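Participant: The primary structure of each chain is shown beneath.
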Amino acid sequence: MITILLIVHGLLAVALLGAITHQALSVASATVGRDRKSFFARFRNVNGPAYASPIVVMFVLTAVLGGLLYPAYRIDVRVLLEDTNSRSANGIFEIKEHLVAVGLGALPAYWLSWRTPLAPESASTRRYLTWILAFFVWWAFLVGHVLNNFKGLLPH
Amino acid sequence: MKIFSLLFGAIYYFCVWQIDWALFYYYPETNKWYLTAHPDDGAAILWYGWLATAALISIPIALVVPRRIADRLWNDLSWVVAVGAIAAIFFHESRWFV
Numbered sequence: 001m002i003t004i005l006l007i008v009h010g011l012l013a014v015a016l017l018g019a020i021t022h023q024a025l026s027v028a029s030a031t032v033g034r035d036r037k038s039f040f041a042r043f044r045n046v047n048g049p050a051y052a053s054p055i056v057v058m059f060v061l062t063a064v065l066g067g068l069l070y071p072a073y074r075i076d077v078r079v080l081l082e083d084t085n086s087r088s089a090n091g092i093f094e095i096k097e098h099l100v101a102v103g104l105g106a107l108p109a110y111w112l113s114w115r116t117p118l119a120p121e122s123a124s125t126r127r128y129l130t131w132i133l134a135f136f137v138w139w140a141f142l143v144g145h146v147l148n149n150f151k152g153l154l155p156h
Numbered sequence: 157m158k159i160f161s162l163l164f165g166a167i168y169y170f171c172v173w174q175i176d177w178a179l180f181y182y183y184p185e186t187n188k189w190y191l192t193a194h195p196d197d198g199a200a201i202l203w204y205g206w207l208a209t210a211a212l213i214s215i216p217i218a219l220v221v222p223r224r225i226a227d228r229l230w231n232d233l234s235w236v237v238a239v240g241a242i243a244a245i246f247f248h249e250s251r252w253f254v
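Sequences listed follow chains P and Z, in order.
Under this note's numbering, the first residue of the first sequence carries the number 1, and numbering increases by one thereafter.
Under this note's numbering, the first residue of the second sequence carries the number 157, and numbering increases by one thereafter.
It is worth saying that the hints were derived from the structure and are not from the lab.
Quick caveat, the model's predicted, so the values are computed rather than measured.
Here a beta-carbon is modelled for each residue, glycine too, at the ideal position from N, C-alpha and C.
One or more hints might be untrue.
[Claimed, not checked] Some chain P residues well away from chain Z (every beta-carbon gap over 10 Å; in silico):
(1) V8
(2) S26
(3) P71
(4) A72
(5) H98
(6) A101
(7) L107
(8) F150
[Claimed, not checked] Covered stretches of chain Z (chain P as the covering partner; in silico rule of three or more C-beta atoms under 8 Å from a C-beta of chain P):
(9) 170–180
(10) 219–227
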């Protein structure tokens, strides 16, 4: 059951990562990727508002699944980290849980800023909250990935 | 919604690092939930309790604050609070890397 949960959590995280990265680049400066034919320009040329609600749903679902996996992490992985004196690995996870918590709290303001018609006075809020959430998602994804594979990363 | 976002991050920060208040404690080794700490049950997960505390305080306040006041608040405050929370998180958790 834990393995299935972990796989679903990972798949949701991949989808969230893709969606938030597209959206985060869509609000980047217009001077970035000006060549409309480039891969980068096409990557950022998405309908940002259409991504907001799915991102909120995926963020919450991924966090809930992460919360369900947390006890198994605490018993199996955290003990290994402590036994191998891997303080940094412990630290990056602690940061992950706090960033996800702050991200959950920021979701309503983020969603509000992306409501259509887009309010010009919310442009900076929209941009920075999207970048902040993208940073949270990238951090959580990479940390989760590293810790999931931690045993294999230890020197033999 | 704006008020909730502003409060949640700030209250979460205070619950975690200033007053150390989790609404409840979960002990995965014994699969038990308590309102107070029970060290005999092993290491507790406080994260659920911190989230619950932050939500429990910020939701009612967000519901009570009139919309005209919320609308008058500086829009950028929500991301400024989030950046402040990030700075606080990295500052407090730097203890793991020294």
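Participant: Each hint: holds or not?
Facilitator: Right, here's what the structure says about each hint:
no.: 1; hint: V8; in the structure: holds, 20 Å
no.: 2; hint: S26; in the structure: holds, 17 Å
no.: 3; hint: P71; in the structure: violated, 4 Å
no.: 4; hint: A72; in the structure: violated, 8 Å
no.: 5; hint: H98; in the structure: violated, 5 Å
no.: 6; hint: A101; in the structure: violated, 5 Å
no.: 7; hint: L107; in the structure: violated, 7 Å
no.: 8; hint: F150; in the structure: holds, 15 Å
no.: 9; hint: 170–180; in the structure: violated (count 1)
no.: 10; hint: 219–227; in the structure: violated (count 0)
When the structure is compared with the earlier hints, violations turn up for hints 3, 4, 5, 6, 7, 9 and 10 and for no others.
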